[in-house]
Amino acid sequence: MKELKVLAVVVFFSLLVYWGVEPFAHGQMHKHVESDNFAYSDLPKITKEGDAANGGDLVMGAGACIGCHSINSQGIPAPMDAVTAAATYGVNPPDLSNIGALYNEKFLAALFKNPAHALNVEHKFDPASGKMHPMVPFYGAGGDIDQEVADMVAYFKSIAPKELSAKEAFDDACGRCHAMRYDHYTQLGDTPEFKYEKDALAHQIKLLEYQEHLKAYMGKLPPDLSTIIRARSADFLETFIENPQTQLPGTSMPRVGLSKEGYEKVEAYLTKIGDPSKPQREALGPWVLGFFVIFSILAFLWKKYQWRDLH
Amino acid sequence: MAHFDENARPFSEKWLDERLGVVTLKKVLSTEYWIPKDINFLWAMGMVLAATFGLLLISGIFLLMYYKPDTAMAFDSVNYTIMTEVGYGWLWRHIHGVGASLVFLIIYIHMFTGIYYGSYKKGREMIWISGMLLFVTFSAEAFSGYMLPWGQMSYWAGMVITNLFSGGSLEAYGLVEWIRGDYVPGDAFLTRFFMLHVLLLPLVIIGLIVLHFGTLRLPHVNNQKGEEIDFKEAAELYKAGRKKESKVIPFNPVFLSKDIFVVGVYFILFFYLVFYHFDFAMDPVNFDPADGLKTPPHIYPEWYFLWSYEILRPFNKDIGLIAFGIAQVALFFLPFVDRSPNVAPAHKRGLFNLWFWVLLIDMVVLTILGKLPPEGIYNDLGLVAAIVFLLLGPALFVVTKMEKKI
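Protein chains in written order, with numbering that gives the first Met the number 0: chain A, 0 to 310; chain B, 0 to 405.
If we strip away everything but chain B, and leave its shape as in the complex, we get (with noise of 0.2 Å):
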């Protein structure tokens, strides 16, 4: 039996700490958790990606008390209840759809930063794994949610996207009858994806983040140049009042201050497209109850989702569907694919920094073309980005296999 000190106050700092180690959590969250000084605004991007997400928790807490999950509501109960009768309805779908959009954003620069200083490497492959299965996760919570306010691209979205499960030639639609609990989608489907929408994605969202918060413990933030530091020796020069020679800072409240700032300012580009921009992220055509027996001209995913969609468009359907899973799953792979020892930002590493552009530029393309109605010069260009990006993976083999040591 540990020592209890019987004079302490109850809740004093001391008392906590007896109970629950509280002093030692906070040095090692907080105080302790030694980051690199020799990073830039990009580091901050986890911050604001916790941001986000805790904006669409609340917000869509908020919606989630006047939504209706029944076809025959849905659509009312979101552009009727929460639109007009709820006061403020309005500000959290807003806040919701235009969070949702962001929020990708945010983890398409975030996913970039750490490709381009090489983040993912030499024990901090973790970091990158379980911030991919984030990403994954994600993916299903925008899809799921997106059904929710049962539009016409709800429907029809939903409709492509679970047809998918059919396999192509495979012809599973056996599979694809249980996915949607019915022959097409309706009410069963709306109540199952209402469920994982607000229920068990979200609760395997938030154990991943922990899982990621987890995994930059022991390896460390990496740094802009990839340099190795002795995080020991550093914190006990900066705990010496030798800040200037050290190189780390603590993560409470050095680092957290500039997480603060980066969030603020991200905060004025989110308000404002809430308030003033926020149709880009609410596509028109959803604002068309869902109609079974009118298909929309153009069916399209949500931004994020055209580059994954443009892979799949220009081939057969078989073929379409096997580059599609390989998209998918594909940037799991990158720190056993990348075989170079460098751990360097990319503008240091030869060949590597052509092949990170040229990376971000397809994704770019795809993401264009994915929009565009799949017609003459449109198709030609986006088999070639496909076959760029397929070819991608390979090409990270060679290069890096390539690349000295620096």
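Bound conformation, chain A alone (with noise of 0.2 Å):
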């Protein structure tokens, strides 16, 4: 069939562009990143057996975490609202209720020892120029400090929920820096609907006050996410969420530790948003499809028909 070496020329040739400009000249432009699978190989493991009623008396006593956190889920309120925390911090420390449903235990471990080295934030956060971390280490209580900091690691496990909503986990992981206006979702949580302009007004305010707080503390402010989903590849958020000084050398953005689980949640969260037709587009795509298939069916018969005494 001549037709079908003619065919077999065109689609080949379109074949080679495609794969030019897209999988190949992709590859070229951005450099790849071995994905550490959240495993965050470098930090070390946690060696010892974490007992959770002690851990819950460090971090009520001696860890000092509520000083600055709260733990809305055990009734400990935050010391201050988050535009006077930011203030003060720079950046409004996060709710702990749910941080052990979240976050990798290794990391966990590693940050209540030493936030910056955790974070990778060293080059932003170093003792020797007298910038600290705004989150103090936990030094140790007086016993074994790796008990200590394991045990401090059972009890946010014990009192994490077993569930956690894809949007609760963008809330923890990501909310405090990211806006979502796609979903009326700022730094300072969803946007309440206002009866009057100026309580919206006020709260715009408030929420500028944050931003600015945070601005000084990041650098600049930290983008909206709203279209990320569509702006960056899945390859490069999961590894630049996993690690983001890989992708970005020097950037402020802290690494955030999820658990594989807990980067699945926040991804799922940035689809919905960001890429809202998806469920749409996978319930309509073979009907329409089916349509165009017994269309050229039908056209291939009528074709059949009009040509059939031409040769």
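Read the hints as simulated data drawn from the structure, not as lab findings. Some clues are possibly wrong.
To be verified - Keeping only pairs whose Cα atoms sit at most 30 Å apart, straight-line, the calculated DSS-like set for lysine-lysine is: (1) A:Lys30 <-> A:Lys197; (2) B:Lys293 <-> A:Lys303; (3) A:Lys130 <-> A:Lys166; (4) A:Lys130 <-> B:Lys242; (5) A:Lys205 <-> B:Lys293; (6) B:Lys293 <-> A:Lys123; (7) B:Lys293 <-> A:Lys214; (8) A:Lys277 <-> A:Lys161; (9) A:Lys112 <-> A:Lys130; (10) A:Lys259 <-> A:Lys205; (11) A:Lys105 <-> A:Lys161; (12) A:Lys1 <-> B:Lys242; (13) A:Lys123 <-> A:Lys205; (14) A:Lys30 <-> B:Lys293; (15) A:Lys219 <-> B:Lys293; (16) A:Lys4 <-> B:Lys224.
Take each chain as given, in its own frame, and dock them per the hints.
Here is the structure:
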């Protein structure tokens, strides 16, 4: 069949161009970063068996966590509101209710002992230059520090909820720095509906103040993440969130320390907001394709009929 | 005064014919518009293009109802309003985006078909020239449309392309500012490109499509062998029922039946891409909002402009600009640079066959290099490919001058 030969040539060159300008070009433009699969291999393993009850005492007592952090699920409120906290620390310290469910336990242990190291922001917070990370390291409560850290990790795991929604994961892990305007979400959380404009404006002012502090802390206002799922490849997002320094050396974004499951939740939320048509696409696609397959078969039969006595 | 039949029922065929000449019109445009029988599916690309343009027009009308040409609102009107709040807005947008990319793929296939079979020669020059005018207008349409979502690539591509008008060492920045309506791309820039995209250029395109169809009517469509057909005689044979002997078929319904089949198969591919692989046509960088303070690490045009972009890049700015200018208009002159008397497929034309494949492969190479970072070996390859492209013009003249009459 001569037509098929012609078709083969057309398809070959079309695919060659496609390969060149898509997979090949993007492979050349973006450096490849090997994923660590959220194992945090550079951080030491937890060697001790943690005791949650003792950990709870440390968190409430010698660990001094609740001097800055809230644990809402345990009825421990934040010492100050978000804007004041941002003015004090640069960013509002996270609530600790869910951290046992979201973050890698090795990461948590390393974070307690040396925040700047675990967060991979030692280029920003260098004790020699007098710049300290706002989170004070846990220097130990007098016993074996590794045991104490393991106890605190065990405590946070024990109070962590079994199920976290995708949005809660985003709120905990990203939401104190990044807004999500397509979900009416800002660094202050979901934007309430205001009856009076002055209340809306007052909220707006609070947000601007928070963002000013954040800007001073991070160097620039971290980007809104509404469309990030379409602006970056899945591979980039995963390796970047796992360790921002690998993709963007020098960035002030800390390593967040999400576990694999925690990351999947965050990604699900980014997809839901940034690519909302996905379920509709998947539902409608087969019908439209089916229609055109039938259309083509009928068109082929019609063509056969019209050309029946031409040759 | 013509004769009007008093008894003709209003809007009956006779009534309409007396007033509009519909019987003649139908014959001229459809049932007795003769097309050669010896053709392959590449002859359906015109209809495929018309169908794609139709989809672009319809999807564009729907998008236009919600798009906001304002630098503060454009990005969110596309990425939030249309994608989230408008029912099936995502479908129209993805059809529009995929259509814009595929229309160029089909245009290139259509052009290379014309070059391969010599369909720009001997009475068919105006078909080629009107087609090239369409290509250029479609390019302008694509570029202006790319500005509208006001993402990073819209902004920076707009910056780079309008900068070309400074003319290199001429430093005509006044002209650049006049085109932008500002020192940098801003609101004035966006609104004027919006106007071009939704009004002026579509009007020109529709006019040119009519012209392009018109240019086909007298010289008739070419065929696979480049054979000169006596259309009158062949048509008589066909009408006398001797269809097997006749070398022609009527446009409607015989040619159309094949066109519709090809369009059907093409739509399977088209909607596969719309539903499952639209991202190739929508660059990720453009999902970051425009930011004049943050230059993206790689700035590149959409794939269909890459070959001419790569002709600009490897030279210094003045020579690059001249080479780029030549590349933009070179293909217009094809019918006049080709000095051969033969209308035949390339494989029957000796050295011209080699010329054709070198052109095709060179343009593919330029396209692929156009997106790669201009570093190391890619720079050298780009320079060679660009020089080859520029030399193909004089080469065509020599090759076809030497070509013997078949």
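Outcome of the hint check:
| no. | hint | in the structure |
| --- | --- | --- |
| 1 | A:Lys30 <-> A:Lys197 | violated, 49 Å |
| 2 | B:Lys293 <-> A:Lys303 | violated, 58 Å |
| 3 | A:Lys130 <-> A:Lys166 | violated, 33 Å |
| 4 | A:Lys130 <-> B:Lys242 | violated, 91 Å |
| 5 | A:Lys205 <-> B:Lys293 | holds, 27 Å |
| 6 | B:Lys293 <-> A:Lys123 | holds, 22 Å |
| 7 | B:Lys293 <-> A:Lys214 | holds, 17 Å |
| 8 | A:Lys277 <-> A:Lys161 | holds, 27 Å |
| 9 | A:Lys112 <-> A:Lys130 | holds, 17 Å |
| 10 | A:Lys259 <-> A:Lys205 | violated, 34 Å |
| 11 | A:Lys105 <-> A:Lys161 | holds, 19 Å |
| 12 | A:Lys1 <-> B:Lys242 | holds, 22 Å |
| 13 | A:Lys123 <-> A:Lys205 | holds, 27 Å |
| 14 | A:Lys30 <-> B:Lys293 | holds, 20 Å |
| 15 | A:Lys219 <-> B:Lys293 | holds, 12 Å |
| 16 | A:Lys4 <-> B:Lys224 | holds, 16 Å |
When each numbered hint is compared with the structure, violations occur for hints 1, 2, 3, 4 and 10.
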